[in-house]
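6 protein chains.
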Amino acid sequence: MSVVYLTRHVHFSAAHRLHSAELDEEQNRNIYGLCNNPLGHGHNYELEITIRGEPDPVTGMVMDLKEVKAIVEKEILVHVDHQHLNHVALLQGKVPTAENIVMVFWYALKDKIPHGELYEMVLYETPRHSVRYRGE
Amino acid sequence: MSVVYLTRHVHFSAAHRLHSAELDEEQNRNIYGLCNNPLGHGHNYELEITIRGEPDPVTGMVMDLKEVKAIVEKEILVHVDHQHLNHVALLQGKVPTAENIVMVFWYALKDKIPHGELYEMVLYETPRHSVRYRGE
Amino acid sequence: MSVVYLTRHVHFSAAHRLHSAELDEEQNRNIYGLCNNPLGHGHNYELEITIRGEPDPVTGMVMDLKEVKAIVEKEILVHVDHQHLNHVALLQGKVPTAENIVMVFWYALKDKIPHGELYEMVLYETPRHSVRYRGE
Amino acid sequence: MSVVYLTRHVHFSAAHRLHSAELDEEQNRNIYGLCNNPLGHGHNYELEITIRGEPDPVTGMVMDLKEVKAIVEKEILVHVDHQHLNHVALLQGKVPTAENIVMVFWYALKDKIPHGELYEMVLYETPRHSVRYRGE
Amino acid sequence: MSVVYLTRHVHFSAAHRLHSAELDEEQNRNIYGLCNNPLGHGHNYELEITIRGEPDPVTGMVMDLKEVKAIVEKEILVHVDHQHLNHVALLQGKVPTAENIVMVFWYALKDKIPHGELYEMVLYETPRHSVRYRGE
Amino acid sequence: MSVVYLTRHVHFSAAHRLHSAELDEEQNRNIYGLCNNPLGHGHNYELEITIRGEPDPVTGMVMDLKEVKAIVEKEILVHVDHQHLNHVALLQGKVPTAENIVMVFWYALKDKIPHGELYEMVLYETPRHSVRYRGE
Numbered sequence: 000m001s002v003v004y005l006t007r008h009v010h011f012s013a014a015h016r017l018h019s020a021e022l023d024e025e026q027n028r029n030i031y032g033l034c035n036n037p038l039g040h041g042h043n044y045e046l047e048i049t050i051r052g053e054p055d056p057v058t059g060m061v062m063d064l065k066e067v068k069a070i071v072e073k074e075i076l077v078h079v080d081h082q083h084l085n086h087v088a089l090l091q092g093k094v095p096t097a098e099n100i101v102m103v104f105w106y107a108l109k110d111k112i113p114h115g116e117l118y119e120m121v122l123y124e125t126p127r128h129s130v131r132y133r134g135e
Numbered sequence: 000m001s002v003v004y005l006t007r008h009v010h011f012s013a014a015h016r017l018h019s020a021e022l023d024e025e026q027n028r029n030i031y032g033l034c035n036n037p038l039g040h041g042h043n044y045e046l047e048i049t050i051r052g053e054p055d056p057v058t059g060m061v062m063d064l065k066e067v068k069a070i071v072e073k074e075i076l077v078h079v080d081h082q083h084l085n086h087v088a089l090l091q092g093k094v095p096t097a098e099n100i101v102m103v104f105w106y107a108l109k110d111k112i113p114h115g116e117l118y119e120m121v122l123y124e125t126p127r128h129s130v131r132y133r134g135e
Numbered sequence: 000m001s002v003v004y005l006t007r008h009v010h011f012s013a014a015h016r017l018h019s020a021e022l023d024e025e026q027n028r029n030i031y032g033l034c035n036n037p038l039g040h041g042h043n044y045e046l047e048i049t050i051r052g053e054p055d056p057v058t059g060m061v062m063d064l065k066e067v068k069a070i071v072e073k074e075i076l077v078h079v080d081h082q083h084l085n086h087v088a089l090l091q092g093k094v095p096t097a098e099n100i101v102m103v104f105w106y107a108l109k110d111k112i113p114h115g116e117l118y119e120m121v122l123y124e125t126p127r128h129s130v131r132y133r134g135e
Numbered sequence: 000m001s002v003v004y005l006t007r008h009v010h011f012s013a014a015h016r017l018h019s020a021e022l023d024e025e026q027n028r029n030i031y032g033l034c035n036n037p038l039g040h041g042h043n044y045e046l047e048i049t050i051r052g053e054p055d056p057v058t059g060m061v062m063d064l065k066e067v068k069a070i071v072e073k074e075i076l077v078h079v080d081h082q083h084l085n086h087v088a089l090l091q092g093k094v095p096t097a098e099n100i101v102m103v104f105w106y107a108l109k110d111k112i113p114h115g116e117l118y119e120m121v122l123y124e125t126p127r128h129s130v131r132y133r134g135e
Numbered sequence: 000m001s002v003v004y005l006t007r008h009v010h011f012s013a014a015h016r017l018h019s020a021e022l023d024e025e026q027n028r029n030i031y032g033l034c035n036n037p038l039g040h041g042h043n044y045e046l047e048i049t050i051r052g053e054p055d056p057v058t059g060m061v062m063d064l065k066e067v068k069a070i071v072e073k074e075i076l077v078h079v080d081h082q083h084l085n086h087v088a089l090l091q092g093k094v095p096t097a098e099n100i101v102m103v104f105w106y107a108l109k110d111k112i113p114h115g116e117l118y119e120m121v122l123y124e125t126p127r128h129s130v131r132y133r134g135e
Numbered sequence: 000m001s002v003v004y005l006t007r008h009v010h011f012s013a014a015h016r017l018h019s020a021e022l023d024e025e026q027n028r029n030i031y032g033l034c035n036n037p038l039g040h041g042h043n044y045e046l047e048i049t050i051r052g053e054p055d056p057v058t059g060m061v062m063d064l065k066e067v068k069a070i071v072e073k074e075i076l077v078h079v080d081h082q083h084l085n086h087v088a089l090l091q092g093k094v095p096t097a098e099n100i101v102m103v104f105w106y107a108l109k110d111k112i113p114h115g116e117l118y119e120m121v122l123y124e125t126p127r128h129s130v131r132y133r134g135e
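Respectively, the protein sequence lines represent chains R, P, U, F, A and D. Residue numbering for the first sequence follows numbering that gives the first Met the number 0, starting at 0 and increasing by one per position. Residue numbering for the second sequence follows numbering that gives the first Met the number 0, starting at 0 and increasing by one per position. Residue numbering for the third sequence follows numbering that gives the first Met the number 0, starting at 0 and increasing by one per position. Residue numbering for the fourth sequence follows numbering that gives the first Met the number 0, starting at 0 and increasing by one per position. Residue numbering for the fifth sequence follows numbering that gives the first Met the number 0, starting at 0 and increasing by one per position. Residue numbering for the sixth sequence follows numbering that gives the first Met the number 0, starting at 0 and increasing by one per position.
The set of hints was computed from the structure by calculation and includes no laboratory data. Zero decoy hints are in this set.
Remember, identical chains collapse to one label, so a pair may be satisfied in a single copy or spanning two.
Derived pair list, reagent style DSBU-like, types lysine-lysine, alpha-carbon separation capped at 30 Å:
id, residue 1, residue 2
1, K73, K109
2, K111, K93
3, K68, K109
4, K68, K93
5, K111, K73
6, K93, K73
Being a predicted model, the structure only gives us computed values, none of them experimental.
All chains should be built: construct the whole structure from the sequences, respecting the hints.
Structure, rendered in structure tokens:
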């Protein structure tokens with residue numbers, strides 16, 4: 000028995016604004032700075048989805064990569080690509096920080112993986128800022 | 000006499016929406032597709048600014064890179080970083096396509112270069128889509 | 000009147016073998032080395048297609064990037080992606096060196112660009128080896 | 000006592016075809032799609048080898064990087080670089096999926112590390128598709 | 000309760016020479032090779048700092064990235080950027096191998112993180128050579 | 000007749016200090032800032048060498064890439080890799096700015112290219128700072 004980690008790297012482009020309904024205007028400006036700009040700004044997000052599982056002894060694959068891509072497309076990308084993240088249903092009621100986005104994506108995908116299990120998601124907001132979630 | 004091309008690579012994050020005031024709603028949707036989404040989306044833009052000039056015989060530099068950075072910061076980045084490009088003064092009245100953005104940046108910078116001359120600007124909207132302008 | 004260069008970056012994976020019908024076995028081995036291995040080897044090719052043109056005054060675009068992608072897909076990628084380059088019709092009778100591939104791609108695309116003109120193609124065989132063609 | 004993870008990043012170019020002897024032609028085509036193309040295709044593989052160990056108190060190194068490189072060259076790269084992976088001895092009898100390749104590489108290297116122990120291998124088949132193996 | 004890993008990617012440029020006071024000249028040359036060159040050489044180091052913690056329920060952030068950046072600047076970068084690593088106080092008495100540098104950086108930062116805890120540091124000396132430390 | 004541009008991408012690591020013998024200490028500090036630090040600092044330099052020529056009608060190559068690599072190794076890399084650039088013969092009497100380095104490399108290579116001609120050299124001192132020289 001052997002366990003391999005399979006990672007699919009995808010991307011999407013979206014706008015967002017960091018603003019918490021639980022903070023007043025001044026607090027929002029102080030905490031989020033330029034990210035609190037009312038009209039929003041945006042990013043090319045890079046997302047890495049890792050599935051942990053045993054390769055099938057016949058096919059030699061943990062999962063068909065085309066199938067991974069189709070699930071990620073359906074459960075995540077179609078909802079956020081070229082959208083404003085403060086206005087998408089998936090993120091309703093959340094401040095769209097990288098931390099909140101990666102956790103929301105995790106739970107959108109977690110029960111849709113037919114072979115193996117979701118192990119880790121890494122989200123790059125920029126090449127200099129990334130977050131990882133492992134379901135802990 | 001020798002001519003060297005000096006390139007400074009910078010970046011900014013911004014939102015935009017592709018929508019032309021000269022087209023009706025349906026035309027806008029047909030032409031720009033998801034990029035016409037009313038709430039906008041966004042990108043991590045990468046910008047390469049190339050200055051053509053003769054290195055100073057004493058310092059060995061076309062221009063001090065710190066000085067290039069300061070000029071680009073003042074004339075371009077401060078106006079667009081973490082902003083919504085459809086609402087910044089620099090791009091007023093322009094559809095914020097990569098083509099229009101790079102031309103606007105060119106004219107914002109062109110007369111501010113103290114040594115050598117602006118030769119080329121390259122703007123990456125995503126790692127898969129870029130534009131170049133040379134003042135032609 | 001203004002001229003902008005629009006670049007679309009695409010990729011494909013393919014096998015090839017460097018072997019010239021005009022050389023004998025020993026010459027082929029001496030010239031191409033490991034690249035002459037009879038069973039072939041392969042690469043993830045990166046291809047950059049640059050179109051030179053005037054942005055449309057209404058849309059602000061040289062060409063719709065989706066349209067560029069569709070043309071490149073139809074005229075080039077569908078013929079070579081996940082193929083063995085010594086056996087594709089597009090490259091028949093050519094040693095599939097990066098130099099020959101990029102020239103063949105150029106002539107496959109040249110007359111299919113509806114706005115502006117093909118200006119440059121860059122082909123990366125590996126991140127350490129690339130070729131450029133400009134129709135000269 | 001301190002434990003550091005040392006990673007060497009290498010690369011090789013190879014052809015492969017995904018085809019399982021335990022499946023019939025139609026099943027192979029359905030499961031592997033274009034990757035089942037009889038003539039094969041290819042990739043620039045990137046391989047990251049991580050060794051876990053205590054830095055030597057005199058030299059400050061877990062292992063000499065030149066020595067790591069020489070071992071990886073001898074045990075792995077010389078067998079696969081510029082080869083067709085369906086025809087190399089190291090992978091005999093295996094469908095050359097990324098999952099199977101990374102496991103075969105692991106066992107080829109595992110007992111050859113003189114200081115510390117092999118901790119993780121990451122194999123990129125393309126920049127969008129990678130696998131990790133940790134000997135589990 | 001949820002745990003997210005937040006990573007900030009920074010960089011610095013520095014010179015170093017690998018030379019151990021506990022080895023004689025010949026041993027130093029044999030072990031370190033070109034890296035033992037008396038005048039030193041240098042690198043563009045890339046450093047990834049990962050903090051593990053629970054996102055604040057109001058702000059949605061493990062830590063403000065600007066605050067992470069300011070701490071890393073003060074505790075690490077200001078001491079090593081554009082310096083010769085064999086002559087900086089932080090590394091006094093250490094051979095500046097990547098292994099030793101990453102451990103020294105770890106202990107310089109470890110107690111300065113106000114929210115969450117330092118989880119991992121990755122240091123790239125070149126794109127082909129990196130080390131990881133997790134406080135083990 | 001067709002002209003293709005062939006580019007080989009190589010790298011080296013070196014230390015340098017920006018200091019002009021024609022300026023006094025204070026002028027050097029003011030102009031070069033941290034780069035004037037007496038002990039020097041360093042970089043991972045990336046160098047792109049482009050040769051312009053007609054592919055050989057039999058081999059399909061402008062030049063054998065292994066031959067390009069050997070010439071660049073002999074004429075440039077062996078002199079600067081893992082060295083302090085203020086102390087290498089090739090750069091004697093020059094302030095080792097990127098501008099001066101790229102011009103020196105040009106003239107070291109220019110007459111050694113057996114097929115085609117040297118067209119362009121690009122030198123990256125960091126991923127954010129590069130220079131180009133074309134023999135003008």
